[in-house]
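**Q** As they're listed, the protein sequences go chains A and B.
Heads up: the first sequence begins at 1 in this note's numbering, then just goes up one per residue.
Heads up: the second sequence begins at 1001 in this note's numbering, then just goes up one per residue.
These are computed hints drawn from the structure, not numbers from a lab.
One or more of the hints may lead you astray.
[To be verified] With a straight-line cut-off of 30 Å between C-alpha atoms, the simulated BS3-like cross-links for lysine-lysine are:
| hint | chain 1 | residue 1 | chain 2 | residue 2 |
| --- | --- | --- | --- | --- |
| 1 | B | Lys1035 | B | Lys1191 |
| 2 | B | Lys1191 | B | Lys1139 |
| 3 | A | Lys80 | B | Lys1150 |
| 4 | A | Lys80 | B | Lys1035 |
| 5 | A | Lys80 | B | Lys1191 |
| 6 | B | Lys1191 | A | Lys119 |
| 7 | B | Lys1150 | B | Lys1035 |
| 8 | A | Lys119 | B | Lys1139 |
| 9 | B | Lys1035 | B | Lys1139 |
| 10 | B | Lys1150 | B | Lys1139 |
[Unchecked claim] Cβ-Cβ distance ranges computed for the label pairs, FRET-style:
| hint | chain 1 | residue 1 | chain 2 | residue 2 | range |
| --- | --- | --- | --- | --- | --- |
| 11 | A | Asp139 | B | Gly1052 | 18 to 26 Å |
| 12 | A | Ser91 | B | Ser1087 | 40 to 48 Å |
| 13 | A | Pro87 | B | Arg1185 | 24 to 32 Å |
[Stated by the list, open to error] Which chain B residues stay away from chain A? Per the calculated CB distances, all over 10 Å, these:
| hint | residue |
| --- | --- |
| 14 | Leu1051 |
| 15 | Pro1075 |
| 16 | Glu1091 |
| 17 | Asp1097 |
| 18 | Pro1133 |
| 19 | Glu1142 |
| 20 | Ala1143 |
| 21 | Thr1159 |
| 22 | Thr1163 |
| 23 | Gly1165 |
| 24 | Gly1172 |
| 25 | Asp1184 |
| 26 | Arg1186 |
| 27 | Ala1188 |
| 28 | Pro1190 |
| 29 | Arg1193 |
Even for Gly, the Cβ is constructed at its ideal location relative to N, Cα and C.
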Amino acid sequence: MFKPLLFTALLLPAAAFAECEPVVVGDLSVSAPWSRATIGASRPAVFYVTITNSGSEDDALTNIASPVAGMPMLHETVVKDGIASMPHAMSIPVPAGETMRLAPGSYHGMLMDLTGAQKEGDSFPVTLSFQNGGDVTIDVPVLSLRAEEAECAAAP
Amino acid sequence: MRRRTLIGGLAGTVGAMGFMLGLGAWRSRPVADPKLPLPLSQMDWTLTDHLGATVQPQDWLNLPVMVFFGFTWCPDVCPTTLVDIESWLVELGPEADRLIVALITVDPERDTPEVLADYIGYFDPRMLALTGPAPEIAKAAEAFRVRYEKIPQDEGDYTMNHTAGVFLFRRGGSFAGIIDFHEDRRFAVPKIRRAME
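Extracted from the complex, chain A is given alone in its bound form:
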């Protein structure tokens, strides 16, 4: 009883740490990606992530791509007069020295035309294209349909 527990305790933080490592390209740090499990393949999956721009030049996320989605798009949830809509975001600003979070109820990636259902515990790669910073690919863990936030802390 004691030994497996100890083993798990030793193993877990190390594994979590490895998965939670931010992907750094130039001045951009991409961290805490996550998605929710989908029911079947016909519904869109969602993509959330945190992007920090530590440089002195503004950047913008202009596109996302993933082998699991035929039609990935950037969207923003806007609630106006109590009505929620999801306009397509042509690009998402990542100003110099600031952190932009794609998060529930705000900017998010919408992955349509999925190749298959995304199950909890799976992961898939997403490539983020930035106006100046080039492309960044990160592995996105699929969390429960009921998840509220990333399991990994966002990079500072």
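Guided by the hints, dock chain B onto chain A, whose structure is given.
**A** Same frame as chain A, but now just chain B:
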């Protein structure tokens, strides 16, 4: 609001019984504001829940009720709302057992009872999910003062814009308030508790 407090205060001095009667009469007056949901007792719609049972607003008069509109193809707002509601139910504890919680779809074309059962099964088992013929959904939305709109997307796909708030009704069906989508969750549970008093 001040008038209501005054009425309540005066009635309170008369006696608990008088207070309850007075407040009951005050509350049962029809809501005149066309922007606010009708009392459940004045609504007229017939929908089907995810288990196949017929539901009408008059079935809900014995308990406090929490209703929101959404659709299962919705990637962001609806799962977020469902997860929020779950956290409120957890905070309410066993009290929440005497609360009716229902999602009404604005996308009956795709959200059949079977599809809803599949979806709502991932969330708190106390939640109901309702669908029905498009005209009945429209009648329900009208009664709740909910707006929704189909937004075509590429390749024949579509999404829905819809009112995102969560509606609260007291036992007896009078409208008690709305929890807005971006509202601080610390305010949500006290609002629900007040509706359940």
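**Q** Against each hint, give a clear statement of whether it holds in the structure.
**A** Hint by hint, here is what the structure shows:
For the given pair, Lys1035/B sits about 20 Å from Lys1191/B by alpha-carbon distance, which is consistent with the 30 Å threshold. Distance restraint check for Lys1191/B and Lys1139/B: the Cα-Cα separation of roughly 26 Å lies within the 30 Å cut-off, and the hinted pair is therefore satisfied. Restraint check: the Cα-Cα separation between Lys80/A and Lys1150/B comes to about 16 Å, which is no more than 30 Å; the hinted pair holds. A distance of roughly 15 Å separates the Cα atoms of Lys80/A and Lys1035/B; the hinted pair therefore holds under the 30 Å criterion.
Between Lys80/A and Lys1191/B the alpha-carbon distance is near 22 Å, which keeps this suggested pair within the 30 Å criterion. Restraint check for Lys1191/B and Lys119/A: the C-alpha separation of about 35 Å exceeds 30 Å, so the hint is violated. With a CA separation close to 22 Å, the supplied pair Lys1150/B and Lys1035/B stays within the 30 Å bound. Restraint check: the Cα-Cα separation between Lys119/A and Lys1139/B comes to about 36 Å, which exceeds 30 Å; the hinted pair is violated.
This hinted pair checks out: Lys1035/B and Lys1139/B have alpha carbons roughly 15 Å apart, not beyond 30 Å. For the proposed pair Lys1150/B and Lys1139/B, the alpha carbon gap of about 17 Å is at most 30 Å, so the pair holds. Between Asp139/A and Gly1052/B the Cβ separation comes to about 41 Å, which falls outside the hinted range of 18 to 26 Å. In this structure the supplied range 40 to 48 Å is violated for Ser91/A paired with Ser1087/B, their Cβ-Cβ distance being about 33 Å.
At roughly 25 Å, the beta carbons of Pro87/A and Arg1185/B sit within the given window of 24 to 32 Å. For Leu1051/B, the non-interface assignment is confirmed: its Cβ lies about 17 Å from the closest Cβ of chain A, beyond the 10 Å cut-off. Not every CB of chain A lies more than 10 Å from the CB of Pro1075/B, the least distance being 4 Å, so the non-interface label is violated. No Cβ of chain A approaches the Cβ of Glu1091/B within 10 Å, the least distance being about 14 Å, so the stated non-interface status holds.
No beta-carbon of chain A comes within 10 Å of the beta-carbon of Asp1097/B; the shortest separation is about 20 Å. Residue-level check passed: Pro1133/B sits 22 Å from the nearest beta carbon of chain A, beyond 10 Å. Even its closest Cβ contact with chain A, about 15 Å, leaves Glu1142/B beyond 10 Å, as expected for a residue assigned away from the interface. The claim that Ala1143/B is not at the interface with chain A holds, since no C-beta of that chain comes within 10 Å of its own (minimum 16 Å).
For Thr1159/B, the shortest C-beta to C-beta distance to chain A comes to about 6 Å, within the 10 Å cut-off, and the non-interface label is violated. With a least CB separation of 5 Å from chain A, Thr1163/B falls inside the 10 Å interface cut-off, contrary to its annotation. Its closest Cβ contact with chain A, about 5 Å, brings Gly1165/B to no more than 10 Å, contrary to its assignment away from the interface. Its beta-carbon lying about 25 Å from the closest one in chain A, Gly1172/B satisfies the requirement of being farther than 10 Å from that chain.
At roughly 12 Å, the least C-beta separation between Asp1184/B and chain A is larger than 10 Å, which holds for a residue marked as non-interface. Distance to chain A confirms Arg1186/B as a non-interface residue, since its nearest Cβ pair spans about 15 Å, more than 10 Å. Non-interface call for Ala1188/B relative to chain A: holds, since the shortest CB-CB distance, roughly 14 Å, exceeds 10 Å. Chain A leaves Pro1190/B outside its interface by the beta-carbon criterion, the shortest separation being 20 Å against a cut-off of 10 Å.
Distance check for Arg1193/B against chain A: the nearest CB is about 22 Å away, which clears 10 Å, and the non-interface claim stands.
Checked against the numbered hints given earlier, this structure breaks hints 6, 8, 11, 12, 15, 21, 22 and 23; the rest are met.
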